[in-house]
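Same order as they appear, the protein sequences are chains L and Y.
Count along the first sequence starting at 1, add 5, and that's the number in the numbering used here.
Count along the second sequence starting at 1, add 276, and that's the number in the numbering used here.
To be clear, the hints were calculated from the coordinates, so they are not data collected in a lab.
Don't take every hint at face value.
What the hints assert, rightly or not - Computed list of lysine-lysine pairs in BS3-like fashion (alpha-carbon distance at most 25 Å, straight line):
(1) Y:K526 - L:K140
(2) L:K360 - Y:K526
(3) L:K140 - L:K360
(4) L:K360 - L:K11
Claimed, not checked - To be clear about the criterion: a stretch of chain L counts as covered by chain Y if any three or more of its residues have a C-beta under 8 Å from a C-beta of chain Y, and this derived list gives those stretches:
(5) 137-144
(6) 149-158
(7) 342-353
What the hints assert, rightly or not - Covered by chain Y, per the in silico footprint, the following chain L stretches (three or more residues, Cβ under 8 Å):
(8) 32-44
(9) 329-338
Glycine residues also receive a C-beta, built at the ideal position from the N, C-alpha and C atoms.
Listed below are the residues making up each chain.
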Amino acid sequence: MDKMPKWVDIILIPFINLLLALAVSGLVVLYIGESPVEAMKIMVKGAVGSTYGWGYTLYYATNFIFTGLAVAVAFQARLFNIGGEGQAAIGGLGTALVCLALPWPHWALALPVAIVGGALFGAAWAAIPAYLQAKRGSHIVITTIMFNYIASAVMVYLLVDVIKKKGSMNPETARFPEGTFLPSAYEMAGWVGLSFSRSAPLNITFFIALLCCVLVYLLIWHTRLGYEIRSFGNSDSAARYAGIGAVRITVITMLISGGLAGLMGINAVMGDAERLVTDPVQGAGFVGIAVALMGRSHPPGVLIAGILFGMLYQGGGELEFEIPAVSREMILVIQGLVILFTGALDNMVRIPVEKLFQRIRKGAA
Amino acid sequence: MDLMMILQILDSAMRLATPLLFACLAGLVSERAGVFDIGLEGKILASAFMSASVAYFSGSVWIGLLGGVAASVFLALIHGVASITFRGNQLISGVAINFLASGTTVVIGESWFGLGGRTEQLVGAARFQEITLPFAETLQNVPVLGPIYYELISGHSILVYVGLAAVVGTWWVLFRTRFGLRLRAVGENPESVDTAGVNVIRLRYMAVLIAGVLCGLAGVYLATGLAAGFVKEMSAGRGFIALAAMIFAKWRPGYALLACLLFGLLEALGNRFQNIDILGVHVPVQFMQALPYILTVVILAGFVGKAIPPRAGGQPYVKER
Chain L
6 MDKMPKWVDI
16 ILIPFINLLL
26 ALAVSGLVVL
36 YIGESPVEAM
46 KIMVKGAVGS
56 TYGWGYTLYY
66 ATNFIFTGLA
76 VAVAFQARLF
86 NIGGEGQAAI
96 GGLGTALVCL
106 ALPWPHWALA
116 LPVAIVGGAL
126 FGAAWAAIPA
136 YLQAKRGSHI
146 VITTIMFNYI
156 ASAVMVYLLV
166 DVIKKKGSMN
176 PETARFPEGT
186 FLPSAYEMAG
196 WVGLSFSRSA
206 PLNITFFIAL
216 LCCVLVYLLI
226 WHTRLGYEIR
236 SFGNSDSAAR
246 YAGIGAVRIT
256 VITMLISGGL
266 AGLMGINAVM
276 GDAERLVTDP
286 VQGAGFVGIA
296 VALMGRSHPP
306 GVLIAGILFG
316 MLYQGGGELE
326 FEIPAVSREM
336 ILVIQGLVIL
346 FTGALDNMVR
356 IPVEKLFQRI
366 RKGAA
Chain Y
277 MDLMMILQIL
287 DSAMRLATPL
297 LFACLAGLVS
307 ERAGVFDIGL
317 EGKILASAFM
327 SASVAYFSGS
337 VWIGLLGGVA
347 ASVFLALIHG
357 VASITFRGNQ
367 LISGVAINFL
377 ASGTTVVIGE
387 SWFGLGGRTE
397 QLVGAARFQE
407 ITLPFAETLQ
417 NVPVLGPIYY
427 ELISGHSILV
437 YVGLAAVVGT
447 WWVLFRTRFG
457 LRLRAVGENP
467 ESVDTAGVNV
477 IRLRYMAVLI
487 AGVLCGLAGV
497 YLATGLAAGF
507 VKEMSAGRGF
517 IALAAMIFAK
527 WRPGYALLAC
537 LLFGLLEALG
547 NRFQNIDILG
557 VHVPVQFMQA
567 LPYILTVVIL
577 AGFVGKAIPP
587 RAGGQPYVKE
597 R
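Isolated chain Y, as found in the complex:
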C-alpha cells in the first residue's frame, strides 16, 4: 500500500464522513437541548430527495440546497410540534418521521420522475463540483506534502469545507455564547432555565430547527455532492450511525468530527476492499458492508468509556403551575 492509495482512501473517508458529520452535529445540538432525534435518518433522506429534485428542475444546485434544507426543516418542525408542544414521545415521533420520509420520497419521486423512486441524473451546475484550492496543482509535485494537499485537502465540494466549519461553529455557539449556555442548560435542567426567566419551549424549538438545517445539509451533500441524484433509501442508516458517532463523541463537536471520520474511513475501507483475506481467512463482502453497523454496536456497548447523555434528554418539559 503506497502513499497514493492511502491518500485515496483517506480522501474517500473525508467525503463519506461529511454527511455523517452534518447529521451528527444536528443530533448533538438537538440532544444538548434535551430533544432526542431518531428522525435524523428521515430528514437526511427527505433533504436528499428534495435537493436533487429542485436542483434538477432549477438547474442550480444552490436552489436545490435551499429545497433540501427546507424539506428537512419541515420535518424538524413536525418533530418539534409533536415532542415539544404536544409533549409526545420523542422516539416515536422520530420513527414516524423516518417512515414518512421513506414513503413520501418514493411516492412523490415516482409521480415527478417516474423512475421507480430515483430522480434524474444531475449534471453540471445542478451538482456541487469539486473545487481545487489555490496552488494545489502547482504544488502537486512537491514530495509527500504536495500530494497530501492536492489529493486529500483540495478537490472536495464546498460542502465538505462547510462541514468542517460547522464543527467549529457548533462548538463556538454551544460553548462560547449565551445562547449556547442556555441551550445546554435546557438539556440538563430546564426548570432552572425557566426559573431564570428564559423560555424553554422557544429554546428547544431553536435547537430543533438548527438541527433541521444541519441535517438538511447532510442530505444535500449526499444527493448532489457525493452522488449525482437521489436513489431510493440512499441514506442507508447514516442517520443512526451519526447518532452513534454523537454518543461516541460524548456530545462534543470536536470529537464528533473524529468519530465521523472514523466511520467514514470504515466505509471507505469497506468500499475499497470488497474482497480481502485476513491471515488467510476469506472475509465475505457482506461482512465488510456490515462493518460500520457492527462498529456502531461496539461503540454503543461502551467499550470506549461511559457516555452520559444530557440529563433532561427525552423528557418533555411541563411548566409548573
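Bound-form chain L, shown alone:
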C-alpha cells in the first residue's frame, strides 16, 4: 500500500478530526438553544483577542504542555498514564513544600529547587502504579485512576489537618515568601519594553514548558533510553529479545511521565496561586490525555495541541461569562469529543483519506 504524504498524517487528519469534534460540539450548543457561530466568535475573541486573553491562554497551555508531555512520553512506551491529575497535584505539593521550607531570597534560587521538588513528588506518585504494572501486571489505567482519587484524599487531609495556614478558615497553606514569586508576563514584557496585561497569570514557567518540549524530543529521538522506550512501545517482546528490560523501561518511563506532570505545580502553584490549595490541578491532568492524542505524542504536536486547548479553556471561560446558558463543562464535552475523534475514531477519517490519496496517486501515475 502506498504511504500517504507525511503532512496528511500529522496535519490534515488531526485537523479533520478536530473539525468533526467541533461540529458535534456545535450541535450540543445548538441543542441548548444558543448559536454555535456566536459561541465560537466569543471563544476566539476571549482567547486571543487581547494580551489579557493571551495571558490566560498561554497560562493554561503551560499546564497542558506539561501534562500532555507526561501522557505522550508514556504513550511512546505504550503505557496509558491517566494519573496526570494526581501526579500534578502531588507535584504541586512538592513545589509548595520547597517554597515554604526556606525564606528564599530570590526566585532564581527557589525555582530550580522547586522544579526538583515538583518533579520528584510527581514521579514518586507515578512510581507505585508503574512498579505494579511492571512486576504484577496490574492494569496501569485503573491503578493510575485510583491514585488520582487517593491523591485528592491526601491533599484534602494534608491541607485540612497538617499544613493548613494557622487561623485560616480555608484549606490552604500560608502564602509563599516573596522570594519565590516568579516573574509574570507583565514584568517580563517590561524588561524588553513591551506592555502586557497585568492581571493575566502567564509567567516564566511557559519557557520551562517550551524547554521541556525540546528535552522530551531529544530524549525520545536522540538518546539510547528514548530508543529503548520506543522499541518497548512498538513491541515489548522484541524489546525484551533485544535485552531491554521491561520492568526497567516501564518504571523509568512512568517516572519521567510523572515528573513532567509534577512540573505543572511550578506554573499553577508557584507561578499563579502562590499558595497550595486542595485542587491546584483543576482537570489539567485529564486535558493532557486529549493534548497528547491530538499531538500524536510528539513534542511539537503537544505544544500546538496544548496552546489550542489553552484557547479552548480561556475561550470557554469567557463563553460561560457571556452566555450563562453554556456552562463551563462544555469544555469537557469538547475535550471528550476531541479524544473520541482523534483517538478512538481515527480510522473513520484515516481510511477514506488513505483511499482518496491512493486514487490520486493512481490517477497521476
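Add chain Y to chain L, keeping to what the hints say.
Only chain Y this time, still in chain L's reference frame:
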C-alpha cells in the same frame, strides 16, 4: 456492636454494592467478548442523569429506567463503533466516553434544570421505593432470623433483587448457552470463532450492548434508588471500582457478587465510621473515604492471586483476506 448495628451496616453494604454489581457484570460480559470497557464510569453517569431527568419529567421511575438504559446503550454503541467497526483503541474510546458523560450531564442538566448540574429532587413514583417482602413484618420479632429477614433481605428497591438475579442470569447465559460459549470464545480466540462461521463483529456488538443495558441499570439505581436525583459526578469512580471487582472475581459472575459486596461493605463502613480510632491512633476521615480506592489498588496488585484476562481482550479483530 450489636446485631442491629451489624445488620444496618450489611444492609447498607447491599445497597452500595448494587450499582457496582451491575457495572461489574457489564464489564464482565464486554471483556469476556474481548472488548475492554473503561467507559463504565461514563455510562453509569449518563444513565444516572438521564433516568433522574426522565423520571422527573414523566413522574414514573419506570420510564426513567428506560431513559437511563437508553443513554447508556447509546454510549455503548459509540464504544462499539469506535472499537469494533473502526478498530480504534478501546481504552481511548472508553476515556472519551467518560469525558463526554461528565460534560454533557452537566451542560444539558444545567439547561434543563438550572441547578448547577443537579436534577430536581425525585419524590413518590419517580423513585424506586423499598419493597417489603412477604411476612417480613410479621416475622420481625422472631429472634435473630426475624431481624435478618426484615432488615437485610427485605426492604430494598426492586433493582437490588434484579441485580442478584442478573448474577445468575449472566452466569447462565455465559456458561450454559450456545451464545455464551461463542461470546467467551470471541474473547479468547476470535479467529477460531470466525473459522467456524460465526460472525465475530456481531457477537462483539451484542456483548457491548448487553454491557450497555447492565451498566445503565447501575446508573438508574444510583440516581433513583440509592439517591433521590442526579448530582454532578455522582458515579464517583464506581465504574473503575467495578472493573477492579471484575478482575478480583477473575471474570466470573458469582465471584463478582462477592467482590462487589466487599467493596459495598467497605463503603458502608467508611460512611458509618467517619471518625474512628484504631489502637489509639486517630484515623482521618479522608483515609476512610479513600479506602475503597486503596483496596482497589491492593487487589489489582494481585495480592489475591493471579488474574488472567480473556486472551484477545483489547485487540480489534481483523478478518483475514
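Structure-based check of each hint:
1. Y:K526 - L:K140: holds, 19 Å
2. L:K360 - Y:K526: violated, 42 Å
3. L:K140 - L:K360: With a Cα-Cα distance of about 43 Å, the restraint between K140 (chain L) and K360 (chain L) is violated, given a limit of 25 Å.
4. L:K360 - L:K11: Given pair K360 (chain L), K11 (chain L) holds - Cα atoms ~15 Å apart, limit 25 Å.
5. 137-144: n = 5 at 8 Å, threshold three: holds.
6. 149-158: Satisfied; 6 residues make the cut.
7. 342-353: holds (count 9)
8. 32-44: Held - the stretch 32-44 of chain L has 4 residues with a Cβ nearer than 8 Å to chain Y, which meets the minimum of three.
9. 329-338: holds (count 8)
Hint violations for this structure: numbers 2 and 3, all remaining hints satisfied.
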